[in-house]
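> As given, the protein sequences belong to chains A and B, one line each in that order.
In this text, residue positions in the first sequence follow our numbering: the first is 1, and each later residue adds one.
In this text, residue positions in the second sequence follow our numbering: the first is 1001, and each later residue adds one.
Treat the hints with care, since some could be wrong.
[Unchecked claim] Simulated restraints on C-beta separations:
| # | chain 1 | residue 1 | chain 2 | residue 2 | range |
| --- | --- | --- | --- | --- | --- |
| 1 | A | Asn329 | B | Gly1314 | 41 to 51 Å |
| 2 | A | Arg140 | B | Gly1273 | 54 to 64 Å |
| 3 | A | Ser273 | B | Gln1142 | 24 to 34 Å |
| 4 | B | Arg1371 | A | Asn329 | 24 to 34 Å |
| 5 | A | Ala58 | B | Glu1309 | 24 to 34 Å |
| 6 | A | Leu26 | B | Ser1240 | 39 to 49 Å |
| 7 | B | Arg1312 | A | Ser273 | 24 to 34 Å |
| 8 | B | Ala1008 | A | Glu118 | 21 to 31 Å |
| 9 | A | Thr202 | B | Arg1389 | 53 to 63 Å |
| 10 | A | Arg128 | B | Ala1021 | 51 to 61 Å |
| 11 | B | Ser1240 | A | Ala276 | 24 to 34 Å |
| 12 | A | Arg18 | B | Arg1181 | 43 to 53 Å |
Note that these hints are calculated values from the structure, not bench results.
Each residue gets a CB set at the ideal place from its N, CA and C atoms; glycine is no exception.
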Amino acid sequence: MNFNLSEEQDMIRDSIARFVTENYELEQRNAVIAQEHGFSKEHWQNYAELGWLSIPFAEELGGFGGGPIESMVIMQEFGRGLVAEPYLATVLLFGGLLQDGANAELKGELIPKIIEGELQGAFAYHERQSRYELSDIAARACQKDGNWMLDGEKTVVLNGAAADKIIVAARTSGEQSDETGLTLFLVDGTADGLERVAFRMTDGSEAANIRLSGVVAEAVIGPVGAGMSLMTPAIDRARLAICAEALGAMDSLNNQTIEYCKNRKQFGVAIASFQALQHRMVDMFGAYENAKSLLYRAVCAADAGDDDAYRSLLALKVMTGRAGRLIGNEAIQMHGGMGVSDELAIGHYVKRLMVINTLFGDADYHQALFARLVNTPAAETGQATSARAA
Amino acid sequence: MDTRFSDADLAFRDEVREFFAHAWDNELRAKIGNGGSKKFREGYDEWQRRLYEKGWMAPGWPVEYGGVDWSVTQSLIFNSERARVGAPDKMPFGVVMLAPVLFNYGSEEQKARFLPRILKSEDWWCQGYSEPGAGSDLASLQTRAERVGDQYIVNGSKFWITYAQYADWIFCLVRTESTARKQEGISFLLIDMKSPGVTVRPIETLDGYHHLNEVFFEDVHVPAENLVGEEGKGWTYAKSLLVHERFSIAEVAESKRGLAELRELARAEVNGGKSLLDDPIFAKRLSGIEIDLMALEYTELRVMAALAEGARPGPESSLLKLQGTDIQQALQELSMDATAYYSGALQGELSNEAFGHDFVDTAQKLYFRGRAATIYGGSNEIQKNITARHVLGL
């Protein structure tokens, strides 16, 4: 049993850490966020050159063949630096769905473009009424004159306005909340009948609401009517990735808080000498280590294809939300007045953690799923089960 | 990064299951119980003898002293299986706490005399550290050991000594010198509990069991050869123990067992026509504990993996007792809440059937015994102080 990174994984981590140190001071980040779509095209090109955009893709497609551990390493460093580029949306979600579901020709056409930094993507699954239920989809797709035509509205599409191509989840059969009857379609961002309204999230990242009126799809991704079979693993991978990102952010918040308390003097002494504050910083440290242990647990289980992987993933998302909130609140509190100002990086990290908690289901949502999963006796053994329901 | 079981690990797991299926039975379970039964020591010694006969009494001991060299994964497998069947861990005082001090600092005579008897459960040890005036501030201990010829004369008392009523021997921190720096005058002394002048007095605790005792030393003569290592080095030896205690201090296996039991109890418990397990608030509390425990399990593995590689354990090791005991207490509290107003009932002579439930006052007893977990072995406050200073650099 070991928790070490390989040499290659270490190298990836170090190169991203170096990049972040040189390019993501708070003012630098603010300048990036201020750009169109909330990220830097120059940085994105840089990532392409450094090979980072290729990491999760198969070698036959020009990728590095990386798995959950590589994604964890990358996202953790991005989180630590509050990196704003849409790696999650374009590479992991959009690119991951293409890799899993697109036909060979389409994969061969689009994935190299992602790797070269020439293509932005997005995955549109969420709708106004869905809250956290992935299958609650009303947007419809029907066939007309040999084409698939899409109608409906998708909301909070991450990177939706910058995307050149968008994968849209729409219903081809069944009732609104059915898990069957969903299909994934590829549409062009500038297609006729597609309207995008962009907006910023609280962490500065950009999302879009997308209205589709008779939009002709360019391709079907994966099997018709069985889109969930692609969506579920893609969203699970994304959950794992943002928990890694959150861990990096939490680590940074803890370190910033300790530094601040050591330097801040009141009543003639550094406030770091007050036992009550020390103990709270220990609690923040404990919350971080819990999230880290669960991240390693979930990543290793995913990497090994363990039965326990789903249960571990649910636990991780719960812990990330709870630890993130505790650490975020305490970090602000211990910075006193400065903690509520926009001037320090603290608030920006806290906001990113808030957004992460709401992505793909918050802590409470995951905890209810977890409880239902573990309290259901497995048919044969009578013991609680830990495997995802088929 | 890899946490998978190899084929050899799976074969080991089968071996462990086979062992527990034969060696851990209801008779032992009844004798050992929760520590209150008359056959407690008898049952415990028998259990440990079965472990010894299998060669599994001392994982972590050097092989030349009778230890078995398990990998981190094997330790995990053994403890997980132990949790599943509800078998207790070894009594730690001799085999886990004293033995490493003897390996590292004891004389050859002391090793030859005491280690085999620990291994075979022929001697029961207790730990003589705390005093009425020396709890968290252990270094201020006052029990004196005065060197006279080839003996030490010991005077003083020790407090909160677990299972002193069963012990044959006690390992003590005693003051051999009054020094400017308190720690430098402390020595590590082995004392025969049958020595004249040693008195044991039970301490009554909230849970109604008898675990704890006061031990009084009145002009107790201890042969000088019972000093471990050098005079004045006792504090250093005691601190070195802390690394070895880490392996089970989080009590992950016990908490896993407790969680599984509570789940089944709640499943069978009816509340408003439905299972208590379907109550969203109960389900949330139980699942919250389970998630914390899943994290702690891997924190412990991370520490063990580092130690297995010969590296220093990472900063997360300071969290094991803190988080382990918080989880234990959360489980105990939830168990009390699950057993509702029955948890207030003292069973006395009545059977479980008279109450109509299996659990009755057990939850209450375990809850009160569990209050001590955040106090002994370094209180939560001390753990946080240590973590703040040595890990966070505050």
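> State for each hint whether it applies.
Outcome of the hint check:
1. A:Asn329 / B:Gly1314: 41 to 51 Å: violated (26 Å)
2. A:Arg140 / B:Gly1273: 54 to 64 Å: With a Cβ separation near 41 Å, Arg140 of chain A and Gly1273 of chain B fall outside 54 to 64 Å, so the hint is violated.
3. A:Ser273 / B:Gln1142: 24 to 34 Å: Holds, since Ser273 of chain A and Gln1142 of chain B (Cβ atoms, about 30 Å apart) stay within the stated range.
4. B:Arg1371 / A:Asn329: 24 to 34 Å: holds (28 Å)
5. A:Ala58 / B:Glu1309: 24 to 34 Å: Once the Cβ atoms are compared, 32 Å apart, the range 24 to 34 Å for Glu1309 of chain B and Ala58 of chain A holds.
6. A:Leu26 / B:Ser1240: 39 to 49 Å: Taking Cβ atoms as reference, Leu26 of chain A and Ser1240 of chain B lie about 45 Å apart, which means the hint holds.
7. B:Arg1312 / A:Ser273: 24 to 34 Å: Between Arg1312 of chain B and Ser273 of chain A, where Cβ atoms are some 27 Å apart, the hint holds.
8. B:Ala1008 / A:Glu118: 21 to 31 Å: 49 Å Cβ-Cβ, so the 21 to 31 Å window is violated.
9. A:Thr202 / B:Arg1389: 53 to 63 Å: violated (36 Å)
10. A:Arg128 / B:Ala1021: 51 to 61 Å: holds (57 Å)
11. B:Ser1240 / A:Ala276: 24 to 34 Å: Since Ser1240 of chain B and Ala276 of chain A have Cβ atoms about 31 Å apart, the given range 24 to 34 Å holds.
12. A:Arg18 / B:Arg1181: 43 to 53 Å: holds (46 Å)
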